[in-house]
Amino acid sequence: MLVRDVMNAGPVAIQATEAVSDAVRLLRANDISGMPVLEGDRLVGVVSESDLLRMLSAEREGGLWLPSPLEILEVPIRDLIRWEKLQAGAEEAGTKRVSEVMTKKVFTVSPDDSVDKAASMMVRHRINRLPVLEEGKLVGILTRGDIISGLGMGAEEVEED
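Position 90, counted from 1, in the sequence shown is what my numbering calls 90; the numbers after and before it change by one each time, with no gaps.
The set of hints was computed from the structure by calculation and includes no laboratory data.
Every residue, glycine too, gets a C-beta built ideally from N, C-alpha and C.
Among the hints, erroneous ones may be present.
[Stated by the list, open to error] Taking lysine-lysine and the DSSO-like style, the derived pairs with C-alpha atoms no more than 30 Å apart in a straight line are:
#: 1; residue 1: Lys104; residue 2: Lys117
#: 2; residue 1: Lys96; residue 2: Lys137
#: 3; residue 1: Lys137; residue 2: Lys104
#: 4; residue 1: Lys117; residue 2: Lys137
#: 5; residue 1: Lys117; residue 2: Lys105
#: 6; residue 1: Lys137; residue 2: Lys105
[To be verified] The following label-pair restraints were derived from C-beta to C-beta distances:
#: 7; residue 1: Met1; residue 2: Asn128; range: 13 to 21 Å
#: 8; residue 1: Thr95; residue 2: Arg28; range: 13 to 21 Å
#: 9; residue 1: Gly152; residue 2: Ala9; range: 28 to 36 Å
Given only the sequences and the hints, what does the whole structure look like? Please build it.
Take a look at the structure:
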């Protein structure tokens with residue numbers, strides 16, 4: 001099975017110069033978790049929910065925090081401060097450009113690549129979607145869900161024969 005058999009042709013995409021808030025609106029309106037980013041008609045990145053969450057992240061350092069009994073009184077104040085930082089990050093979404101938060105290293109496939117090759121790329125690189133390029137132009141997007149649906153479609157075709 002080829003990528004062209006299961007990809008979404010004419011994917012939702014956004015220009016790199018658009019505001020992050022516009023990206024959020026497009027993601028929500030189309031019920032998708034990520035989309036290609038273009039400069040003109042050239043693919044320059046992908047923006048996903050993960051990129052947006054990274055931007056909004058109130059605390060950049062990880063780790064487990066276990067409070068002492070005296071610190072328990074501070075917990076509501078800490079939570080309030082974190083919430084305020086998160087809100088400030090959300091307000092930044094209106095001023096930041098998609099190019100500032102997108103993932104720039106993009107893996108792509110061709111419509112004539114095998115679905116097996118695409119699935120292997122997704123697993124190896126831990127990505128959820130692959131822009132589909134033909135002669136350097138964006139012609140589709142392939143998601144993990146598309147591949148799973150394609151597997152089901154393939155099984156149905158075998159049963160019918």
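Hint check:
1. Lys104 x Lys117: 21 Å, holds
2. Lys96 x Lys137: 26 Å, holds
3. Lys137 x Lys104: 17 Å, holds
4. Lys117 x Lys137: Between Lys117 and Lys137 the Cα gap is close to 20 Å, so the pair holds against 30 Å.
5. Lys117 x Lys105: 18 Å, holds
6. Lys137 x Lys105: 17 Å, holds
7. Met1 x Asn128: 13 to 21 Å: About 19 Å separates the Cβ atoms of Met1 and Asn128, which means 13 to 21 Å holds.
8. Thr95 x Arg28: 13 to 21 Å: 19 Å, holds
9. Gly152 x Ala9: 28 to 36 Å: With Cβ atoms ~19 Å apart, the hint is violated.
In summary, the structure is inconsistent with hint 9 from the numbered list given earlier, while agreeing with all the others.
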